[in-house]
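Read top to bottom, the protein sequences are chains A and B. Using our numbering, you'd call the opening residue of the first sequence number 1 and step up by one each time. Using our numbering, you'd call the opening residue of the second sequence number 1001 and step up by one each time.
Calculated directly from the structure, the hints in this document are not laboratory data. Quick reminder that beta carbons are idealized off the backbone N, C-alpha and C, glycines included. Mixed in with the good hints, there may be bad ones.
[As the list claims (entries may be wrong)] Footprint (simulated), chain B over chain A, 3 or more residues, beta carbon under 8 Å: (1) 152–161; (2) 224–230.
[Stated by the list, open to error] Computed cross-link-like contacts, DSS-like style, restricted to lysine-lysine with a CA-CA straight-line distance of at most 27 Å: (3) B:K1055 <-> A:K46; (4) A:K208 <-> B:K1075; (5) A:K30 <-> A:K118; (6) B:K1086 <-> B:K1182; (7) B:K1182 <-> B:K1075; (8) A:K208 <-> A:K46; (9) A:K46 <-> B:K1075; (10) B:K1051 <-> B:K1086; (11) B:K1182 <-> A:K118; (12) A:K208 <-> B:K1055; (13) A:K172 <-> B:K1155; (14) B:K1075 <-> B:K1086; (15) B:K1086 <-> A:K172; (16) B:K1086 <-> B:K1055; (17) A:K30 <-> A:K46.
[As the list claims (entries may be wrong)] Residues from chain A that face chain B, not an exhaustive set, calculated with beta carbons under 8 Å: (18) A41; (19) F141; (20) A143; (21) M206; (22) M213.
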Amino acid sequence: MRHVQLVMGPAGCGKSTYCHTMYEHGLASKRSFQIVNLDPAAEHFKYPVTVDVRELISLDDVMEELDYGPNGGLVYAFEYLDENLEWLREQLGDSDDDYFIMDCPGQIELYSHVPVMKNLVQALQRWGFMVCGVYVIDSQFIADPGKFISGCLACLSAMVQLEIPHVNVLTKMDLVRKKRSFMEKFYQPDIDELIADLNADSNPAMYKLNQAMGSLLDDYSLVGFLPLNIYDPDSVIFVLSHIDNAIQYG
Amino acid sequence: MAGSGKTTLMQRIAVHIHNQQLPSYIINLDPAVSSVPYGCNIDIRDTVNYKQVMKEYELGPNGGILTSLNLFATKFDQVMGLIEQKADSLQHIFVDTPGQIEIFTWSASGTIISDMFAFSVPTALIYVVDTPRTTSPVTFMSNMLYACSIMYKFKLPFILVFNKTDVTSADFAIDWMTDYEKFQEAVQDEKAYAGTLSASMGLVLEEFYRNITTVCMSAVTGEGVEDLFDKIARAGEEYANVYRPMLEAK
Chain A
1 MRHVQLVMGP
11 AGCGKSTYCH
21 TMYEHGLASK
31 RSFQIVNLDP
41 AAEHFKYPVT
51 VDVRELISLD
61 DVMEELDYGP
71 NGGLVYAFEY
81 LDENLEWLRE
91 QLGDSDDDYF
101 IMDCPGQIEL
111 YSHVPVMKNL
121 VQALQRWGFM
131 VCGVYVIDSQ
141 FIADPGKFIS
151 GCLACLSAMV
161 QLEIPHVNVL
171 TKMDLVRKKR
181 SFMEKFYQPD
191 IDELIADLNA
201 DSNPAMYKLN
211 QAMGSLLDDY
221 SLVGFLPLNI
231 YDPDSVIFVL
241 SHIDNAIQYG
Chain B
1001 MAGSGKTTLM
1011 QRIAVHIHNQ
1021 QLPSYIINLD
1031 PAVSSVPYGC
1041 NIDIRDTVNY
1051 KQVMKEYELG
1061 PNGGILTSLN
1071 LFATKFDQVM
1081 GLIEQKADSL
1091 QHIFVDTPGQ
1101 IEIFTWSASG
1111 TIISDMFAFS
1121 VPTALIYVVD
1131 TPRTTSPVTF
1141 MSNMLYACSI
1151 MYKFKLPFIL
1161 VFNKTDVTSA
1171 DFAIDWMTDY
1181 EKFQEAVQDE
1191 KAYAGTLSAS
1201 MGLVLEEFYR
1211 NITTVCMSAV
1221 TGEGVEDLFD
1231 KIARAGEEYA
1241 NVYRPMLEAK
């Protein structure tokens, strides 16, 4: 069986650092992770990249030749990849027990507006990959209940679009060590408490929405977060074991 | 969202305020835009050179935009100073945000800038949707979830603009928003995994729709722009009645 982790999340939330951490962990634990760069705008890496989308198309070329801005350029580059998925297939090879980690671009519109990511996922599945989405969010940004909901919804909007097993990871936990107990209630939130907290902080017109949101999260236990502190090996193992579990690795 | 026509919309707004002689300020916060087709009063590009930032800090396009915005945010009190001086004579202030939506929504500087506005003047969010690209129900849903996530993050009056109605009429979206059963049928036609989420998701979305205002317009032809200004005025009232007291309570 072949496995893929698709690493997604907003810009600057630590996707590349996540890939780097996983790569190092792979070296230490004698597991081979191959990193695939899918971000046509990436600059340089701290880790060896097996497949690099920039060999197919790079954002600089698109921006220069077609005179697009960074955004339009990225969408164009990704649509180009979408048309040339065969290229990716060749690059990925056909060995039977590969484990890839794909570093995706941060632009959310690639997931929610244009179907390219969805096509990519379906292609991977056709080629016999077990795909797991890893949605990375910066722990700094979910410091209050409203932002937590906001983070959940961002994850959810990717989840409904891609239809793959999903693991949500909170990065940069090493920076919030002081507030550990405060953060803990967000990993597996107590819905009633969350709603109460939300209501305290929003206008009365939103109470019903808060309630509905609470039951959405509750009904499907949709969104839970795994804390990741890249300096703590146990934390890395913990996150990885959840992902392995989600794609039935091993 | 990138490519949803924010800049064209801004251009249309600029034309409208000029025609109606409404004293207004237009601010561009997108450091990566190649040219601004409307006269803007404050331009981030006058302060920060995005290409230079990329070179100097060895950043990719995303990191470059984020850093430029961060640099600008540190000087934003001066912008606010300018605005406060003129506050009595200005009717509107429009801010064009970077296309990478998460750079504004998932960053410290985005929060700083929006908070600065929210604390001093009536502020509303305008979320622009690319109508022709959201005709698939799943895309529509993930878009709405994202919009909802933004509303939770900023806690401000929210105006949803279905843009580009000259290409595709937004009637389908309005249908889906007013009658959830129709939307559910559409989802089920797609046979998506998301179909199974529908019950509580429906509740969330219905409440969300109740909390926001919607405008269908075409930035290219100018159709619907009066409606937009009506809704903006109403969002201002909403701010004064509901959000202002909340902010003061903080």
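Structure-based check of all given hints:
1. Coverage of the stretch 152–161 of chain A by chain B holds. Counting CB-CB distances below 8 Å, 8 residues qualify, and the rule asks for three or more.
2. Counting residues of the stretch 224–230 of chain A whose beta carbon lies closer than 8 Å to any beta carbon of chain B gives 0, which falls below the threshold of three, so the coverage claim is violated.
3. The straight-line distance between the Cα atoms of K1055 (chain B) and K46 (chain A) is roughly 18 Å, inside the 27 Å bound, and the hint therefore holds.
4. A threshold of 27 Å between alpha carbons decides the hint, and for K208 (chain A) with K1075 (chain B) the separation of about 39 Å lies outside it, so the pair is violated.
5. Among the hinted pairs, K30 (chain A) with K118 (chain A) is inconsistent with the structure: their alpha-carbon atoms are about 32 Å apart, more than 27 Å.
6. Of the pairs offered as hints, the one joining K1086 (chain B) and K1182 (chain B) is violated, with about 48 Å between alpha carbons and a cut-off of 27 Å exceeded.
7. Between K1182 (chain B) and K1075 (chain B) the CA atoms are separated by roughly 48 Å; this puts the pair beyond 27 Å, and the hint is violated.
8. Between the alpha carbons of K208 (chain A) and K46 (chain A) the distance comes to roughly 47 Å, so the proposed pair goes past 27 Å and is violated.
9. Note on K46 (chain A) and K1075 (chain B): the hinted pairing is violated, with a Cα-Cα distance of about 33 Å set against a maximum of 27 Å.
10. Straight-line distance between C-alpha atoms of K1051 (chain B) and K1086 (chain B) comes to about 32 Å, which puts the hinted pair past the 27 Å bound.
11. Proposed proximity of K1182 (chain B) and K118 (chain A) is supported: the alpha carbons are some 24 Å apart, at most 27 Å.
12. Note on K208 (chain A) and K1055 (chain B): the hinted pairing is violated, with a Cα-Cα distance of about 48 Å set against a maximum of 27 Å.
13. At roughly 25 Å between alpha-carbon atoms, K172 (chain A) and K1155 (chain B) fall within 27 Å of each other, so this suggested pair holds.
14. The hinted pair formed by K1075 (chain B) and K1086 (chain B) meets the criterion: a straight-line CA distance of about 18 Å does not exceed 27 Å.
15. For the hint pairing K1086 (chain B) with K172 (chain A), the CA-to-CA distance comes to about 41 Å; that exceeds 27 Å, so the pair is violated.
16. Between K1086 (chain B) and K1055 (chain B) the alpha-carbon distance is near 36 Å, which puts this suggested pair outside the 27 Å criterion.
17. The suggested pairing of K30 (chain A) with K46 (chain A) holds, with an alpha-carbon distance near 19 Å, which does not exceed 27 Å.
18. Here the hint on A41 (chain A) is kept, as its CB sits about 5 Å from the closest CB of chain B, short of 8 Å.
19. Because the closest C-beta pair between F141 (chain A) and chain B is about 6 Å apart, less than 8 Å, the hint holds.
20. Nearest Cβ of chain B to the Cβ of A143 (chain A): about 11 Å, over the 8 Å cut. The hint is violated.
21. Taking 8 Å as the C-beta cut-off, the interface hint given for M206 (chain A) holds, the closest approach to chain B being about 6 Å.
22. With 8 Å as the threshold, the beta carbon of M213 (chain A) comes within range of chain B, its nearest partner Cβ sitting at about 5 Å, so the hint holds.
In summary, the structure is inconsistent with hints 2, 4, 5, 6, 7, 8, 9, 10, 12, 15, 16, 20 from the numbered list given earlier, while agreeing with the others.
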